[in-house]
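Colleague: So the protein lines, in turn, are chains A and B.
For the first sequence, my numbering gives the first residue as 1, with consecutive numbering after it.
For the second sequence, my numbering gives the first residue as 1, with consecutive numbering after it.
Careful, some of the hints might be misleading.
Restricting the straight-line Cα-Cα distance to at most 27 Å, the calculated cross-link-like pairs of lysine-lysine (BS3-like) are [claimed, not checked]:
no., chain 1, residue 1, chain 2, residue 2
1, B, 132, A, 153
2, B, 153, B, 202
3, B, 257, A, 368
4, A, 56, B, 5
5, A, 386, B, 132
6, A, 379, B, 391
Simulated restraints on C-beta separations [stated by the list, open to error]:
no., chain 1, residue 1, chain 2, residue 2, range
7, A, 56, B, 377, 22 to 30 Å
8, B, 335, A, 376, 53 to 61 Å
9, A, 294, B, 361, 29 to 37 Å
10, A, 260, B, 403, 18 to 26 Å
11, B, 200, A, 309, 39 to 47 Å
12, A, 354, B, 199, 57 to 65 Å
13, A, 24, B, 247, 45 to 53 Å
14, A, 197, B, 390, 53 to 61 Å
15, A, 157, B, 358, 18 to 26 Å
16, B, 402, A, 197, 32 to 40 Å
17, B, 388, A, 113, 46 to 54 Å
18, B, 405, A, 260, 26 to 34 Å
With the Cβ distance kept under 7 Å, some of the chain A side facing chain B (calculated, not the full set) [said to hold, decoys possible]:
no., residue
19, 47
20, 121
21, 371
These aren't lab readings, by the way, just hints derived from the structure by calculation.
Computed from a predicted model, the values in this text were never measured in an experiment.
Just so you know, even glycine gets a beta-carbon here, dropped at the ideal spot from N, CA and C.
Number of protein chains: 2
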Amino acid sequence: MNLPKGCIEYNPQFQDIIDQVVFNITNLYKSYGFKHLDTSIIQYLEGLNLTGEINKEIYSLARAKDDKDSSKTEYALRFDLTKPLARYVEENQFDLNFPFKRWDYGQVFRGEKPQKGRYRQFYQCDFDIIGKENLSLYYDYEVCSIVYNILYKLGIEDFTIKINNRKFINDILILLKVPQNLNKDIFILLDKFYKLELSKFKKELEILTSKEISDKIIFILNNTQNKALSELKPLFQEINLDISESEGFLELISILKFISREELSKIQFDLSIVRGLDYYTGFVFETYLNQDTKLGSIFSGGRYENLINSQGIKYPGIGGSVGISRLATYLEKTQSQESSIREGYLVNLNLQNNIILDKIKNLRDSGKIVSVVDLPFKKALKIAIKENFDKFVYLNDQNIIIEKQIT
Amino acid sequence: MNLPKGCIEYNPQFQDIIDQVVFNITNLYKSYGFKHLDTSIIQYLEGLNLTGEINKEIYSLARAKDDKDSSKTEYALRFDLTKPLARYVEENQFDLNFPFKRWDYGQVFRGEKPQKGRYRQFYQCDFDIIGKENLSLYYDYEVCSIVYNILYKLGIEDFTIKINNRKFINDILILLKVPQNLNKDIFILLDKFYKLELSKFKKELEILTSKEISDKIIFILNNTQNKALSELKPLFQEINLDISESEGFLELISILKFISREELSKIQFDLSIVRGLDYYTGFVFETYLNQDTKLGSIFSGGRYENLINSQGIKYPGIGGSVGISRLATYLEKTQSQESSIREGYLVNLNLQNNIILDKIKNLRDSGKIVSVVDLPFKKALKIAIKENFDKFVYLNDQNIIIEKQIT
Numbered sequence: 001m002n003l004p005k006g007c008i009e010y011n012p013q014f015q016d017i018i019d020q021v022v023f024n025i026t027n028l029y030k031s032y033g034f035k036h037l038d039t040s041i042i043q044y045l046e047g048l049n050l051t052g053e054i055n056k057e058i059y060s061l062a063r064a065k066d067d068k069d070s071s072k073t074e075y076a077l078r079f080d081l082t083k084p085l086a087r088y089v090e091e092n093q094f095d096l097n098f099p100f101k102r103w104d105y106g107q108v109f110r111g112e113k114p115q116k117g118r119y120r121q122f123y124q125c126d127f128d129i130i131g132k133e134n135l136s137l138y139y140d141y142e143v144c145s146i147v148y149n150i151l152y153k154l155g156i157e158d159f160t161i162k163i164n165n166r167k168f169i170n171d172i173l174i175l176l177k178v179p180q181n182l183n184k185d186i187f188i189l190l191d192k193f194y195k196l197e198l199s200k201f202k203k204e205l206e207i208l209t210s211k212e213i214s215d216k217i218i219f220i221l222n223n224t225q226n227k228a229l230s231e232l233k234p235l236f237q238e239i240n241l242d243i244s245e246s247e248g249f250l251e252l253i254s255i256l257k258f259i260s261r262e263e264l265s266k267i268q269f270d271l272s273i274v275r276g277l278d279y280y281t282g283f284v285f286e287t288y289l290n291q292d293t294k295l296g297s298i299f300s301g302g303r304y305e306n307l308i309n310s311q312g313i314k315y316p317g318i319g320g321s322v323g324i325s326r327l328a329t330y331l332e333k334t335q336s337q338e339s340s341i342r343e344g345y346l347v348n349l350n351l352q353n354n355i356i357l358d359k360i361k362n363l364r365d366s367g368k369i370v371s372v373v374d375l376p377f378k379k380a381l382k383i384a385i386k387e388n389f390d391k392f393v394y395l396n397d398q399n400i401i402i403e404k405q406i407t
Numbered sequence: 001m002n003l004p005k006g007c008i009e010y011n012p013q014f015q016d017i018i019d020q021v022v023f024n025i026t027n028l029y030k031s032y033g034f035k036h037l038d039t040s041i042i043q044y045l046e047g048l049n050l051t052g053e054i055n056k057e058i059y060s061l062a063r064a065k066d067d068k069d070s071s072k073t074e075y076a077l078r079f080d081l082t083k084p085l086a087r088y089v090e091e092n093q094f095d096l097n098f099p100f101k102r103w104d105y106g107q108v109f110r111g112e113k114p115q116k117g118r119y120r121q122f123y124q125c126d127f128d129i130i131g132k133e134n135l136s137l138y139y140d141y142e143v144c145s146i147v148y149n150i151l152y153k154l155g156i157e158d159f160t161i162k163i164n165n166r167k168f169i170n171d172i173l174i175l176l177k178v179p180q181n182l183n184k185d186i187f188i189l190l191d192k193f194y195k196l197e198l199s200k201f202k203k204e205l206e207i208l209t210s211k212e213i214s215d216k217i218i219f220i221l222n223n224t225q226n227k228a229l230s231e232l233k234p235l236f237q238e239i240n241l242d243i244s245e246s247e248g249f250l251e252l253i254s255i256l257k258f259i260s261r262e263e264l265s266k267i268q269f270d271l272s273i274v275r276g277l278d279y280y281t282g283f284v285f286e287t288y289l290n291q292d293t294k295l296g297s298i299f300s301g302g303r304y305e306n307l308i309n310s311q312g313i314k315y316p317g318i319g320g321s322v323g324i325s326r327l328a329t330y331l332e333k334t335q336s337q338e339s340s341i342r343e344g345y346l347v348n349l350n351l352q353n354n355i356i357l358d359k360i361k362n363l364r365d366s367g368k369i370v371s372v373v374d375l376p377f378k379k380a381l382k383i384a385i386k387e388n389f390d391k392f393v394y395l396n397d398q399n400i401i402i403e404k405q406i407t
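Sequences are here, hints too, so could you generate the full structure?
Modeller: Here it is, written out as structure tokens:
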């Protein structure tokens with residue numbers, strides 16, 4: 001019986017890289033004051049109700065050998081970490097202190113047809129900040145700061161945080177006199193800007209709007225790429241759009257008053273960043289590694305003002321989700337994985353003669369990794385080499401303990 | 001919509017203790033040469049087939065909104081970490097080096113009726129060593145050594161590792177001339193020795209065997225409690241049982257040649273230790289905290305020679321499973337949780353005046369935990385106190401940065 005398709009079990013070497021990445025990321029979340037909340041994998045099906053495609057992908061649970069009709073069940077597996085967070089905040093709203101900051105790391109489940117890059121179960125590693133009634137724009141900046149510091153901590157310095165603001169897109173479309181009912185279709189199209197050929201993108205946009213509007217949107221897309229936030233206003237003026245009164249624009253540039261020069265050098269506006277999920281309302285971001293943009297965004301998220309509404313109280317939030325396995329894949333390719341801070345010893349025990357036992361104890365006491373085997377000499381040595389132990393310890397024919405350097 | 005019954009979401013304070021316990025335990029596993037294997041939560045239902053009660057508890061999966069009859073599905077959720085390990089070893093048997101040592105930490109799922117101490121989903125944290133064709137008796141000792149060192153690392157020194165060997169029980173029953181077909185029932189009864197009243201236990205044992213045999217078994221149970229391994233032989237002689245030829249006994253005392261005096265002082269033979277699961281064949285153990293035996297065993301496991309058999313090759317194994325939440329519950333009660341190695345700062349930002357930003361950056365750079373809020377002064381101070389921050393940083397009316405010590 002094999003592992004089902006669409007499920008992942010990494011080999012221990014790659015799992016080590018994953019664990020290092022998760023350790024670094026979650027420690028950084030902690031340093032910003034986030035607490036660990038481990039939300040339940042099992043949730044009420046009814047509580048997960050979402051509109052849209054994701055609904056079809058929810059796995060429900062039944063007792064396999066139940067006598068009763070097991071097709072009906074009230075339980076389901078979570079498909080992301082945000083819905084369980086929303087449920088948790090609603091359930092505990094009068095016990096929590098706001099802003100409530102939590103990180104969560106765990107598996108999510110989707111009944112997708114497995115294919116390259118699409119899995120039935122995979123890890124998410126999220127951080128979110130939930131306010132009560134309102135949530136300072138400072139956190140639009142803090143999100144960028146977290147992404148910046150995590151990547152530096154992982155030794156990655158060549159990356160771009162692409163930011164946008166959904167209100168700003170709305171404002172631009174108003175300035176362009178695009179009917180509001182087209183917004184959703186334009187959002188979906190903007191999201192495909194880098195995936196479609198320009199001629200196809202242009203054609204679809206023209207069908208939706210007009211040649212004139214389409215030309216202006218494409219002008220913005222092309223000319224604001226790789227531009228800093230401070231350069232935006234004059235660019236819009238070139239096509240006679242005055243964005244200085246746009247609330248979305250003011251929100252977008254509000255991060256400028258917090259940001260350091262180093263952080264700013266990694267942040268670029270990009271009109272095509274909209275994020276797929278319905279619930280985002282303002283600031284949105286994606287993060288790309290400049291050496292491997294094909295990997296896709298490795299850190300994404302945004303602000304959602306209306307996801308949690310309970311008993312007349314609004315709980316606006318902002319957060320991000322990091323692509324652990326994408327990052328680990330990149331680090332495996334680009335960084336030398338000497339890793340093991342501690343030396344590893346493979347000790348071959350001789351059951352007939354135990355004088356090696358003290359040695360094992362002393363090595364462990366001094367913080368070494370010590371794996372003990374009881375094998376024929378050659379077999380043990382072969383494993384020590386194959387498994388990258390630093391040293392191989394054994395008893396020779398004269399009952400003397402030999403410590404053989406391998407690497 | 002609430003959290004479903006039988007599911008767990010700890011508050012962040014308790015989760016912190018859980019995380020510390022897991023960090024210490026998994027690091028200790030690593031120091032013994034175990035590698036992290038993160039087996040899939042989703043497995044083929046067919047691959048989990050087990051005899052016995054557990055079968056009824058397996059959750060199967062279906063796409064909730066699938067048009068087709070969703071009661072039939074080939075996927076299920078794992079109910080322990082051992083079955084997925086067995087599957088992994090079979091699937092990768094020709095690529096792995098043996099002995100294969102892995103640790104796994106993750107959630108398992110059981111369709112139980114939720115009640116106190118019974119959950120629908122909970123974490124297990126296992127280590128196992130799998131050999132090819134044979135597996136040195138040295139590992140019966142190493143298992144004890146791992147349990148001993150983990151508990152010391154967690155600051156727990158008052159505990160007892162109760163050990164037994166299923167072959168030894170068999171041998172005793174043969175010496176007592178008990179028909180072999182009664183073994184299973186006697187095993188089940190032995191397991192209840194501390195749970196049943198003595199009179200009831202005695203009565204049930206007499207019904208199964210005879211008054212004479214029952215008296216001898218109860219003599220062994222009572223007189224070998226709290227005895228060291230070296231004291232066993234003369235005790236059995238008192239009831240005219242010569243165990244010196246018993247293979248199970250020789251296996252049991254084989255750990256004596258490896259063990260240190262300190263470790264030995266924590267290890268006791270107990271005939272009632274049999275472990276519930278069918279697959280154990282030799283060494284078995286449970287671990288109790290002497291200050292809180294009601295907590296139940298906090299670390300249990302044993303040796304299984306026949307769990308994995310593939311293409312004519314036998315893969316004997318040994319392993320253990322630690323009760324993370326029981327340990328965390330005990331530590332929460334008994335140890336002071338000053339915890340936070342790093343100082344925590346709550347900084348109240350003033351969006352109108354940002355001179356506090358450098359302070360935040362400097363604190364984070366020096367390794368402090370810094371949580372930033374943007375709240376009215378009194379509200380921010382209240383949160384700093386409630387959430388146990390060490391220091392509260394704010395800007396006073398004269399725009400001077402004040403660092404107020406809280407704890």
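Colleague: Now, for every hint given, state plainly whether the structure supports it.
Modeller: Outcome of the hint check:
no.: 1; hint: B:132 to A:153; verdict: violated, 41 Å
no.: 2; hint: B:153 to B:202; verdict: violated, 40 Å
no.: 3; hint: B:257 to A:368; verdict: holds, 23 Å
no.: 4; hint: A:56 to B:5; verdict: holds, 25 Å
no.: 5; hint: A:386 to B:132; verdict: holds, 17 Å
no.: 6; hint: A:379 to B:391; verdict: violated, 57 Å
no.: 7; hint: A:56 to B:377: 22 to 30 Å; verdict: violated, 49 Å
no.: 8; hint: B:335 to A:376: 53 to 61 Å; verdict: violated, 46 Å
no.: 9; hint: A:294 to B:361: 29 to 37 Å; verdict: holds, 34 Å
no.: 10; hint: A:260 to B:403: 18 to 26 Å; verdict: holds, 22 Å
no.: 11; hint: B:200 to A:309: 39 to 47 Å; verdict: violated, 57 Å
no.: 12; hint: A:354 to B:199: 57 to 65 Å; verdict: violated, 46 Å
no.: 13; hint: A:24 to B:247: 45 to 53 Å; verdict: holds, 50 Å
no.: 14; hint: A:197 to B:390: 53 to 61 Å; verdict: holds, 57 Å
no.: 15; hint: A:157 to B:358: 18 to 26 Å; verdict: holds, 22 Å
no.: 16; hint: B:402 to A:197: 32 to 40 Å; verdict: violated, 58 Å
no.: 17; hint: B:388 to A:113: 46 to 54 Å; verdict: holds, 48 Å
no.: 18; hint: B:405 to A:260: 26 to 34 Å; verdict: holds, 28 Å
no.: 19; hint: 47; verdict: holds, 3 Å
no.: 20; hint: 121; verdict: holds, 6 Å
no.: 21; hint: 371; verdict: holds, 2 Å
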